[in-house]
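I would like the entire structure built from these sequences, with the hints used as guidance.
The residues making up each chain are set out below.
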Amino acid sequence: MSHTTPESLQELAKEQWSSLETQLSECPLTAKQRMAIPQQEMPAQDPAARRTNMDEVTYGYFEEQARVEAERCLQCKNAPCIAGCPVAIDIPRFIRKISEADYSGALAVISETSLLPSICGRVCPQEVQCQEPCTVGKAKKDPFLSVSIGRLERFVADHGGRSVPQVKPETGKKVAIIGSGPAAITAAADIRREGHGVTVFEAFHKPGGVLVYGIPEFRLPKGIVEEELNTLQQMGVEVRTNFLVGRTRTLKDLLEKDGYNAIFIGSGAGLPRFMEIEGENLVGVFAANEYLTRSNLMKAYDRERADTPITRPRKVAVLGGGNVAMDAARTAVRLNAEEVNVIYRRTRTEMPARAEEVDHAEEEGVVFHFLRNPARILGDENGQVRAIEVLKYELGEPDDSGRRRPVAIPGSEYEIEVDTVIVSIGNDSNPLLTTTTPELEVNKRGNIVADESGKTSMDRVWAGGDIVLGAATVILAMGQGRKAAAAINEALLS
Amino acid sequence: MHTILKREQLSEQVFRIRVVAPLIAEARQAGQFVLVQVDTEFGERIPLTIADADAEQGWITLIFQAVGGTTMRLAALQEGDAVPAILGPLGTPTHVEQLGHVVCVCGGIGAAPMYPIAQAMKAAGNRVTIILGARNHDLIILQEEMRSLADDLILVTDDGSAGRKALVTEPLKELCQAPSPPDLVVAIGPPIMMKFAVETTRPFAVRTVVSLNTIMVDGTGMCGGCRVTVGGQTRFVCMDGPEFDGHQVDFENMMKRLQSYKTQEDAARHTCKIGRNP
Ligand SMILES: Cc1cc2nc3c(=O)[nH]c(=O)nc-3n(C[C@H](O)[C@H](O)[C@H](O)COP(=O)(O)OP(=O)(O)OC[C@H]3O[C@@H](n4cnc5c(N)ncnc54)[C@H](O)[C@@H]3O)c2cc1C
Ligand SMILES: Cc1cc2nc3c(=O)[nH]c(=O)nc-3n(C[C@H](O)[C@H](O)[C@H](O)COP(=O)(O)OP(=O)(O)OC[C@H]3O[C@@H](n4cnc5c(N)ncnc54)[C@H](O)[C@@H]3O)c2cc1C
Ligand code: SF4
Ligand code: SF4
Ligand code: FES
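From first to last, the protein sequence lines are chains A and B. If you read the first sequence in this note's numbering, its first letter stands for residue 1, the second for the next number, and so on. If you read the second sequence in this note's numbering, its first letter stands for residue 1, the second for the next number, and so on.
Heads up, some of the hints might be wrong.
Said to hold, decoys possible - Covered by chain B, per the in silico footprint, the following chain A stretches (three or more residues, Cβ under 8 angstroms):
| no. | stretch |
| --- | --- |
| 1 | 239-253 |
| 2 | 265-272 |
| 3 | 285-291 |
It is worth saying that the hints were derived from the structure and are not from the lab. Glycine included, every Cβ here is placed at the ideal spot set by N, Cα and C.
What follows is the structure, given as structure tokens:
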């Protein structure tokens, strides 16, 4: 993959835009003409340079690029893209505003349904959401050639200006929000807007949930999340960090002793899964959560200043194929690992990670081993990892999820020499809150059972995000936060 | 604000601070701990046991040994200063019941986490014997507190500079050999001491609880960094522990994992000493 410098992308876009502008001033473009406009590539840091820094990899569209990309949208009457967005953003309408160079207008359109466009524009798996059904991609038979809705959304969020939402007069009611990830941030804002008092309780010393402890700086700058939280505070939301609901105070205490009228639980899916193979507790084996938390939240990558240590691996095996695995692998690259291997039991097509992250990882030199699954982790005499034994797989019949099931090839095992293994096969629901609150009904997987509006089995308690869905996405968490907030606002009226 | 109300130095390296933390003081039970952070930007979060608490006055007591970056910076804070971040109470509380005779084996700083457990065992109507051990006289902490609490106190030092010259396992073995062996042993101290305590009681089949001090990050079960192997299964110390059935714990593995960051911590402690203390 060749890297085009941001400067040349801008140059190119400038030319494309000036010719488009003349065309547009003459007569509206036909669909065919629009389909011929080249898709704008995302400007990004040079792969070699970014291996050694934590700065954001992509820069976001230049204005000219956004203008050109916006003209690729056919403004379809039926707008199939909208159905692909979990919160149904009116995509053609916000893109039209970009065409009119009205970026704050575009942001206003997005804000009708989404509260976190600067985040979702960056981390949504667009190729399987809004961009999947896009007419342009369909016509070109390649969803990757769809209108770059996510990039445009990010452009708008970064250029549309910021404002602090209006807060209605105080109602005297108050709501406790557990957690401070996307579900919680959204619920807090929507409830506060109605004039209710809102307190956010977060176990960590910094709010933001996975957005700050999991997703690395190079993919989602912490400053962006901080801004969202500042906005909340400017609206009068109180954020209490270092507060573990279930331990520092129970849910019941909050309702009965502290006078909260309602509770929203957005506590996420923070329980790392392990492979349950031999050698998993050797020195040098980490859950991705630990590795990423050390690096991101505890800033261990900043060796000069941070107290929290992180091992500087030489050869790494990352187990898994999702976003978490990509983040762990690329963090290891940035911590100077010589060789980072991703071991995934299916093929590239089945990888659940965002396509862009897989491309970026590959550009950064991460080595992918598809159709391989670890059999055991081998240690040396000091109990330190020395190698991982993997087994070759082939794809068999499709399973329940419709993906072809990987089947082990007996006797195919071999060793890869590594000193660090990062287990990134996903998260289950953290049981802390639910086990300390027997009134809360949970399902077999430990997720809180909630109805459409997020209402749980416990009186005055709603829930949303990963704690209900199981490890899912930012946009889904945000959507659930909104729904629950609406229900809570309604319940507080009476 | 977690203001430090009182600060004392118990021995060359050991400090006791009383800090304002009303919610934690109200909620805590014996055997629970907190995560402390002295610098919320770049600092580490370290686990310390709640050694004592007063729910009415809203404070908790922490006793810690200044061994590295964070504990040294904590030791440098004075009365009136505030500890920036304290999260808790964490962990599963000690299972306290009336069993008969409970023997509490403390090694060094292990006396700090033991104190509230011994208190609770006593309050539940048990006869409590405390074996208080340290390398030498200067490293013994909480002797007076323990003496006034215990039915019997056995003091031992490695070098005989106080009490009996012995390792904690010697009196422990004698107690196990007695006609009526202890109903429960609780052992807290350096991993190696806990390991030997467990090996001492094993042949007598005396139930032995240990409190594990693994490395932690979040303390809420999210990172898996504190995991240990207990009875062949992976358990999280911050959630399932810190107390476990000592006869089931894989101490070898735990000790190796504790060393994971040793070189880096040593380097950090070095820089810390030469100028990073506030
Ligand atoms: C490494 C990684 C990469 C990811 N990449 C993407 C991506 O690219 N795109 C995407 O869409 N999704 C991604 N995800 C998934 C996405 O981040 C989550 O789906 C989303 O953050 C869930 O939001 P949430 O609001 O439910 O909770 P979370 O973001 O999980 O936040 C929950 C918060 O609650 C706190 N908490 C938990 N229990 C308590 C308690 N008892 N008391 C107080 N506080 C508590 C936690 O400390 C945490 O801060 C990724 C996840 C990870 C781990
Ligand atoms: C549940 C629990 C309760 C604890 N209660 C107390 C207490 O009441 N008082 C007290 O003094 N200590 C207690 N500890 C141990 C304490 O957390 C560590 O001493 C502390 O993390 C050291 O931090 P540091 O930054 O000062 O030193 P570091 O620089 O992090 O470490 C200094 C040295 O100590 C070793 N070390 C690091 N972490 C630990 C650990 N968790 N246990 C043992 N050695 C470690 C390192 O390998 C290094 O050699 C407890 C630990 C746990 C898990
Ligand atoms: S929120 Fe996500 S899915 Fe919806 S339009 Fe934006 S990028 Fe697409
Ligand atoms: S489907 Fe694609 S082309 Fe049609 S309106 Fe949506 S973004 Fe535009
Ligand atoms: S400290 Fe992270 S899981 Fe226990």
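Evaluated hints:
{"no.": "1", "hint": "239-253", "verdict": "holds (count 7)"}
{"no.": "2", "hint": "265-272", "verdict": "holds (count 3)"}
{"no.": "3", "hint": "285-291", "verdict": "holds (count 4)"}
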